[in-house]
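Asks: Protein chains in written order, with this note's numbering: chain A, 912 to 1319; chain L, 912 to 1319; chain F, 912 to 1319; chain X, 912 to 1319.
Everything labelled a hint here was simulated from the structure, so no lab data went into it.
All of these numbers come straight from a predicted model, not from anything done at the bench.
Any given hint might turn out to be false.
[As the list claims (entries may be wrong)] Partial pick of chain X residues on the chain A-facing surface, computed with a CB cut under 10 Å: (1) F916; (2) S928; (3) S974; (4) E978; (5) A979; (6) A1169; (7) R1203; (8) Q1211; (9) A1214; (10) S1215; (11) R1245; (12) V1248; (13) T1309.
[What the hints assert, rightly or not] Negatives, chain A to chain L, calculated, CB over 10 Å: (14) Q962; (15) E993; (16) G996; (17) G998; (18) R1055; (19) E1079; (20) A1104; (21) R1144; (22) R1183; (23) Q1194; (24) L1218; (25) R1227; (26) G1298; (27) A1299.
Ideal Cβ placement from N, Cα and C applies to all residues, glycine included.
Number of protein chains: 4
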Amino acid sequence: VSDLFWPGDERAGGLMSDVALLRAMVAMEDAWLASLVAAGVAPATARRPVQDLVRADDVDTLSRRAEADGNPVTGLVALLRERLGEGDAARWLHRGLTSQDVLDTALVLSLREVLDRLLDDLRAQVRSLRALAEQHRAAAMVGRTLTQHAVPITFGLKAASWLSGIVEAAEGLRLVRVRLAAQVGGAAGTLAAAAELARLQGLADPPAVAVALRASTAGALGLEARTSWHTTRSPVTAVGDALVTCTDAWGHLASDVATLSRPEIGELAEGRGGGSSTMPHKQNPVLSVLVRRAALTTPQLAASLHLASAGTVDERPDGAWHAEWATLRDLARRAVVAGSQTTDLVAGLRVDTERMRATLDAAVGLYAEQGSMAGVAGGEPSGPYLGATDLTITAVLTRARTFLEETA
Amino acid sequence: VSDLFWPGDERAGGLMSDVALLRAMVAMEDAWLASLVAAGVAPATARRPVQDLVRADDVDTLSRRAEADGNPVTGLVALLRERLGEGDAARWLHRGLTSQDVLDTALVLSLREVLDRLLDDLRAQVRSLRALAEQHRAAAMVGRTLTQHAVPITFGLKAASWLSGIVEAAEGLRLVRVRLAAQVGGAAGTLAAAAELARLQGLADPPAVAVALRASTAGALGLEARTSWHTTRSPVTAVGDALVTCTDAWGHLASDVATLSRPEIGELAEGRGGGSSTMPHKQNPVLSVLVRRAALTTPQLAASLHLASAGTVDERPDGAWHAEWATLRDLARRAVVAGSQTTDLVAGLRVDTERMRATLDAAVGLYAEQGSMAGVAGGEPSGPYLGATDLTITAVLTRARTFLEETA
Amino acid sequence: VSDLFWPGDERAGGLMSDVALLRAMVAMEDAWLASLVAAGVAPATARRPVQDLVRADDVDTLSRRAEADGNPVTGLVALLRERLGEGDAARWLHRGLTSQDVLDTALVLSLREVLDRLLDDLRAQVRSLRALAEQHRAAAMVGRTLTQHAVPITFGLKAASWLSGIVEAAEGLRLVRVRLAAQVGGAAGTLAAAAELARLQGLADPPAVAVALRASTAGALGLEARTSWHTTRSPVTAVGDALVTCTDAWGHLASDVATLSRPEIGELAEGRGGGSSTMPHKQNPVLSVLVRRAALTTPQLAASLHLASAGTVDERPDGAWHAEWATLRDLARRAVVAGSQTTDLVAGLRVDTERMRATLDAAVGLYAEQGSMAGVAGGEPSGPYLGATDLTITAVLTRARTFLEETA
Amino acid sequence: VSDLFWPGDERAGGLMSDVALLRAMVAMEDAWLASLVAAGVAPATARRPVQDLVRADDVDTLSRRAEADGNPVTGLVALLRERLGEGDAARWLHRGLTSQDVLDTALVLSLREVLDRLLDDLRAQVRSLRALAEQHRAAAMVGRTLTQHAVPITFGLKAASWLSGIVEAAEGLRLVRVRLAAQVGGAAGTLAAAAELARLQGLADPPAVAVALRASTAGALGLEARTSWHTTRSPVTAVGDALVTCTDAWGHLASDVATLSRPEIGELAEGRGGGSSTMPHKQNPVLSVLVRRAALTTPQLAASLHLASAGTVDERPDGAWHAEWATLRDLARRAVVAGSQTTDLVAGLRVDTERMRATLDAAVGLYAEQGSMAGVAGGEPSGPYLGATDLTITAVLTRARTFLEETA
């Protein structure tokens, strides 16, 4: 896995890679086959673990075949059956499922790894930012609004504000994490094939058996069971929105760092700036730049998921569904890369509190508002004019601690 | 309010209109002034209700002035002070707030009306769709995937599937509805001016007083109090995402109706189709068409909110914030119009179960899968091949009833 | 026309307003009726000017009616016929057209006014930027890359770079301006009704008559005639793309101004900054902020036009077309407002060349690259290290002059 | 190259791949080094071809290193110098360039291959559609508007309409193809290093030498020379817009095919439909579905390019530029895949003119408009009511022939 077009992509490792998707698809087939056997729908002889039947280099073959079928599942089922050889396992494999069941569930399984990785990064960021907010709780600096000097703040408050956005994004992520659901609907969401198999085997209440198969498969995969969402795609858009809410929070932080590390401001610096191919003195805020890049492109990917959701039609859609896969992959990987870069960025952030202080002391009009207040209420302006800065930092730190405890 | 460019816009009435925003801004100024007085920060003589001081036709003046200030609040404060005349109310008005506090809170108040209106419509849709799903629970029709005939479903299942998407969207909307928060941060989010005023009045613990002012103002407006979110904009993007999740669900439903009302299919028809300027025989599925229009344009508006969120910088941003206002307005109004149209659409939907039955009976290969299952498990295909259709409908109806009860 | 949600909106005046659209629709009906009569398809008695039959306050009625028909044309035709009273004009009005013909052409006519207004602004900007580039041709300043100091440039070069982007955008606009075409296709793009009328009147070669009617109508309106583009929407997306290319160029310029007017940098300032509701000392770069706002939201509007274009189906589409109208309106008005604001911004821009010089002199490592070159080629670094700055400025100025001459 | 997430991706082969980008970057370094020597800026001993110094598997190393530098160029230069060993070539390589020069030019070179490939496909489509329009010029079918039957058309007209959109898109592509320009600006767009080297070598008029180096490098690469466009990105957005205009045209065509191949309509069928994993009878319109997928996602990618363009700041931007690379890659590859699929789609399209005829004969009210015209003009309705269908087809075919001749 390498990507010259998206420096840092290797941070995402194999997450949402072809191989990860392949393994997740096979995991779904395996769980379903096991459920069929456990429920007595398929005979015990049909139980063969299938997860070891594929190799990483199968993705190439499957990928090439996928176009003819419109998705990679049909080819995978053929491949697995071929490798299972003759017998009950090959005969029962995939029976009752449709390709969308397998691919949707595999995407969900792959996304779960992404979400777990992101939550790790978010937790690390929360820890770093708590430390920064604590350490610089009282480090006064200029507050800026619409690019201009406004009133004083402390760097602790700025760190707490970043932290607040990150905790908020993380909580959104947790919410979608716990609601991840398997897709088990069959050809048109009715579970007709599964129920038919149950009937043919003489089981009582075939529809209930089919629903139970969904539940046991989902359970085996650690996912929620829910009625088929082939054409109601809010489970997909919810993940997309949560991911973008993360890149928003990181983009905001990175924009602040990029701004405050301008030489004329110089209040922040990345721990290790990137070099220039021609100017050795330069220390570019490379992580910030790369995080900003992600934040600029991911909202449009999430919009594509919504457009796909809105464009579904019939019992399974004619293009809208297909638009989701790579969009989710790109969105997820970019979020992982940006998340990991942000973790490094905040961990290594260098804070020049003296420069902050100097700028504050030299700023013009920074206490004009304070003076106006004296004009309103009478009396004399006094003190550092930091208002509830400290209380706010404490409130955010408390929320952050709760988050860390709840996700420990 | 009229809009030749967006037929049906009048359904949104005054929601998120200039006048609504003006009144909401004044409501915020009023609540804040009352809190200042109640807390003893401002003298009792400063308490003057300001809500009646503006008229609808002030929006014109304020709008013209807004560009010079970059937002409409500065002009509004000047106008209110002028109308209050000399005295304590004019002197104390707005003290401690910044323009973003007023505008953000006003937008939240305006959005609350939008969300309430949408929840009404969603509840109406849920009721109509429950009735449709019940009534047509067993009305068999062709299930279609990738535009082609697949296996049988019932129209009740299709209605339940729409219903499921709509309940999901409605629950997302409720979630953002209860979390709507006031914005009270002062110039740079520190509440410095408010605390300074408290100090000048000799109150104990001025920062705590400032925080209490935020709480009492938020409480008076029926909003949550939270630390300043001037630059952490997930409260805004969460509303946008929830609105788009609604238009997604409606767009999906409308696409289905538009497709199934094609003359060659003829299984559904809008209660009252739109005419043609030149072809009197035509019955266009106008509501579906207009709902689809909304679903096609709103995801990009929500993406703009995310881009604005990611692009915030400093203590208050230099353009990103300004991009939110009209985007939220357009997104909210389009959602309201589409929601109202969808309510009419589902209420008036005509279902031709005979045509459904006829198409089903004529369909080729619809039971091929059923035959395959017999090939796998042995035995003979039998029955209508509807699997867990009935159980699924029941599950969705149960969820819908719970939703209606919880929101009653 | 006022808009609290989009400060500065009044700069767009009546462009792309409901009234402008109404008048443009009537202009189309008028031109078509005149063509019918001139070609002998309709009798001379059918020739009645219709442009004065509508009033501004008709938009309200038409707007309310538009939803039932799915567009405002059907209602307009009914209104015009009613006002024409009995007789040939009422009978012949609109015959041969479909509502999309009228609305598409009206949008094109409205957009033409927008493009002309934008070209005026672009010309004004080109003049201002030429003057800035000339005046500050040699005013050395720090060149910045990835936020850090790189090598010297002059402010003249920066102005020339902005100018280059603006000329490029303007040339794109001219290109779409000259290609604006009328829409005349009839119900399904065949001109069947027009040809039928010609046949019924006994004219020779009715299809050729119909095509000639299209040509004469387009000619009367000053538009290109082309085969019906009901479902091939690149004429629409081309306008959208050209508009966004303008807001891109302005957004870039405004971002530079916002950055360089930060107090720590202070090299540029808007002629007249906006105030703060609470901090009288602040001079916010309001125009830059408002222009940036437009640049952040317009790309998504242009994307909506492309999505609509890609989503067309049949002979006239079921929602995709309807999504274009308000999108075009919003995109066009925002471009006009941003264009006008940019004109003011560059006209009033204050350039602090002393501050530029001082920053340059204090910058660290700015000539490191120059030293490296001496290391490569031998010899000693010397001179201001401005390379082809002057030649580049001259090249851009030449191109700008050509543009001004060609559009004079 | 395989992609399970985007079936059909292998159609794009190595276009815009990591290896293609690597080779294009090296081509740029090579052309520049040759120009330096040819101009007498570098000594003849510095001329060493560098194109064979890299291997496909270098992309992995370069990709991993790219993050630290923020782009892959710095690592590439180091690698090439290492492989050149000691000597003049290593010393002179890349002197005068900045990383953005190399990467921008490499992207342009890679895009040129994409555009050429697309133009081949567009030409093939034009040929197929011409044949379809000719063959079915008179094959009457129902014209549909807003999903409903309107008036008759012929399938030749529909094919001509698709053709018209495709020729239009192709002409836009040609326009950007001929304007592709090299990027040669040096660290901040001034060509200072190149001019400095010329000065150190004692050449006359060093700035002019630097500009001439740009021209000769561009010429050697077959690209236009233009003043540096580091921060004026319309050359990038123009490519994006042209690509999306293609996917729009294909998406429209594919939507029509998907609709008309519904079993209830059955007028069109893909030459070879895709199978189902569980329903052997199904013939899914797979190519249409996959093309629609592209059309649904590419507009947002083009919007990202515009956002990047609008977000540039300074002499080289802090994230906006970096957002372009993968966006361009994805947009370009998806366009190539969709283009190739559309070529197959139109080449293999099966047209059921009998079914068209039958639907037309059974349609209700299809001649109602014709009757109305008789009511207006007097006389009797007569004939097939196809208006200028034939003339329109001829006009489009003529334009298509011109296009083919001009691009032969």
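Asks: If a hint holds in the structure, say so; if it doesn't, say that too.
Replies: So, going through the hints one by one against the coordinates:
no.	hint	result
1	F916	holds (4 Å)
2	S928	holds (9 Å)
3	S974	holds (4 Å)
4	E978	holds (4 Å)
5	A979	holds (6 Å)
6	A1169	holds (5 Å)
7	R1203	holds (3 Å)
8	Q1211	holds (4 Å)
9	A1214	holds (6 Å)
10	S1215	holds (5 Å)
11	R1245	holds (8 Å)
12	V1248	holds (9 Å)
13	T1309	violated (33 Å)
14	Q962	holds (22 Å)
15	E993	holds (17 Å)
16	G996	holds (16 Å)
17	G998	holds (13 Å)
18	R1055	violated (4 Å)
19	E1079	violated (5 Å)
20	A1104	violated (5 Å)
21	R1144	violated (7 Å)
22	R1183	holds (23 Å)
23	Q1194	holds (20 Å)
24	L1218	violated (5 Å)
25	R1227	violated (4 Å)
26	G1298	violated (3 Å)
27	A1299	violated (4 Å)
Checked against the numbered hints listed earlier, the structure breaks hints 13, 18, 19, 20, 21, 24, 25, 26 and 27; every other hint is satisfied.
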